[in-house]
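If you want the building blocks of each chain, they are given just below.
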Amino acid sequence: MKKFILQLILFCVASILAGEIIVRAFDLTVDVPKSYRAESGMIKYYPGQEGKYAVGSHRWKINEFGYAGTVPSGTDNLITLLGDSYIENFMNPTECHQDAYLKSELPQYNFIEAGRATASFLEMLEMSKAYDSLNPFLHVFYVKNSDFLQSIDNGKGKKNDKVSYNLKTGKIQYAKYEGSTSKDILYNFKFFYYCYRNIWHTEGNNGEIPDEKAIDKLNREEIVPFMDYVKKNYDAGKMALVFYPESSKELMDLCKSYGFKVMVIETDNHKSWQFEHDAHWTCYGHKQVALQVKKFIEELAVK
Amino acid sequence: MLFNSFEFAVFFPIVFILYWFVFKNNFKVQNVMLAVASYYFYCCWDWRFGFLLAFSTALDFYSGLAIAGAGTKARKKMWLIISVGINLGFLGFFKYYNFFIESFAQLLESFGVNANYSTLNIILPVGISFYTFHGLSYVFDIYNDRIKPTTNLINYTLFVSFFPLLVAGPIERATHLLPQVEKPRKFNYAQAIDGMRQVLWGLFKKIVIADNCAYYANQIFNDHGDYSGTTLIVGMLMFTFQIYGDFSGYTDIALGTARMLGFELLKNFNYPYFSRDIAEFWRRWHISLSSWFKDYLYIPLGGSKGGKWMRVRNTFIIFLVSGFWHGSNWTFLAWGFLHALYFLPLLLLDQNRKNIDIAGGNGLFPSFREFVGMVVTFSLAAFAWIFFRAPNITEAFIYIGGMFSKFSLEMPTVWPVTLILIVVAFMIVEWLGRHGKYGIARIDNALTFKPLRWAFYMLVIFAIFAYAGSEQEFIYFQF
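Residue numbers (my numbering), protein chains in the order written: chain Y, -5 to 297; chain C, 16 to 494.
Chain Y on its own, in the form it takes in the complex (with noise of 0.2 Å):
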């Protein structure tokens, strides 16, 4: 028994040398990058992070505001591209994002992007700040039902890892940063962080939209404090929104008297637009957005 177990533990040693060796030649797992509160209480990237999304196709940047993507060189006409995951976008090449489809459509404005998973309506909203010293005319959010849900504490549910408005308080409360020794242990062995994202961590889940139908009956008792909240603290009139396809049109119309610009995706296929194992955009799925986005933004330039 005696040598069963030593012999165990040193193949166990040895293949996780051997994984560690074999994940960082060839480059097998996503480079995450490092995150930290800010002192405005937002989750924010280290800025000036580099790193590769998978074997050795594209890299990621986080720009000098703490967000994925890059600065545009110039900030005449700026329009802010915000969303979740789906903007942040670190599956997509940097030519696959919403601001570099959208630029080379509408050449005459700049565009700049932030994005966070899982980030609430109202996280988004607190994101806008970050871009307010670049002074841009336009607010472009991508958003869903369950960003406005997301966006609400109503004391029901746990809402740590979301920035949202408490109703009781009818003040904003920030994301709880979960930082952790096992997440730093994951992401400095590859080996190990590889074998996470394999087993546990599965690629089906990311992007998942929950929630979506469940917004068909707005609770106007909880929805209408928080759109209150919104329009006290932020300029709805510099704000448009764009709604995932099969978005909840009551919602849409609430926005709208908030005084939003709102318009929706429309799609016969959106599974089309997605990756095989994960809902999120393909290249081809953000070019159709943005060509949809471009005339809503040309729409909006001319009124």
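To be clear, the hints were calculated from the coordinates, so they are not data collected in a lab.
Computed list of chain C residues with no C-beta within reach of chain Y, every gap over 12 Å:
#1 Phe64
#2 Tyr313
#3 Pro360
#4 Asp365
#5 Ile415
Examples of chain C residues lying across from chain Y (beta carbon under 8 Å, computed):
#6 Trp35
#7 Phe202
#8 Tyr204
#9 Ala207
#10 Trp469
#11 Met473
#12 Ile476
#13 Phe477
#14 Phe480
#15 Ala481
Using N, Cα and C, we set each Cβ at its ideal position, and we do this for glycine too.
On the provided structure of chain Y, position chain C as indicated by the hints.
Chain C alone, transformed into the frame defined by chain Y:
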């Protein structure tokens, strides 16, 4: 709890440590611990099924004692009938009730009789076909004086519910497993290493081969109307490798885990895709089920003694029952019937025991004749799997029709090159290891330099990690 799940990766080391470290001095306590662990393993699917398993166990245990203790042949027979009747009654109810109700109603409707019927929302208990057959073999063997009944309920409970074989076999015989349960086991280094290696190979078959082939097989079978004939052939081949990787992979994990605990289970697969005729295929595929039907159905029906036509009749009965054992669907009956048809020429020409040893002998390559036989047998088996995979008979025929009517020499639209290369490499390893108990059982002889051998294991482990995550249930759990 699946063998390829995180839960099992936690469960098994705990069992292993308790078994070999904590309770190592008393095999009776080891048996109790294994029985409790097995019930926990089984109840992870649905705790209510545990009662059914316990009832089935108690029924066969006491029936065995009653048969052995009966004074007359008539009383023995009575106890046997009670046990078999209740066992098959449960199996029939849980597995076939709705099928018979629906089929009967459809039959009446075909005669113009409007049948009002209702089916029940029955959940099929995992592995019921397997543990029912364990129990049945036990009472049959006592009835036929092959074994004496055990008087220890714990030992019998462990024989029926031993977690490595509980949900998808191999279907053990009391003559083989009970003596192992009844005597102390000693830790054996070589046996434990061999067990770990077999578990590794089983995980590779399941996670790398079966689950990946399943992805493409599902894609093609689910939308077969959209694909060309060549793509449908790819779908058929994908399922052919999926079911082999899935079931033989499960068996390897079962045998390997049992071996690590000091038990030797029955061999269930012996490189069936290298068979040179269908008779050989059935001596190499799901061996424990084939031999079960041979011993407890074919031979009692007269076996090969009553002349050619009786052998033909019995063969068809065996294949149809075997098909039906797999599930309550006409597709399984069609699959069994097709294999009976394949078998028929061999039977009529007395050629069914022509190929007993493994193809290729001790050489590196098979002879041309053997190779042709292997290709033909593989193709026939692959074709029959269409019925096994299709949701119903109509879909199976549409699929087969599509394979021929839409056939052209164009490249298939689904052509996963990497997976195909992995499957080819896998089959080469299996071919080279075909004299061993499982594909890499004799790797010590091939890779004598330890670091090289370890590097091979690491490569297999890495492949498993690379493809882990899309955890899929084993196909045979539903049977």
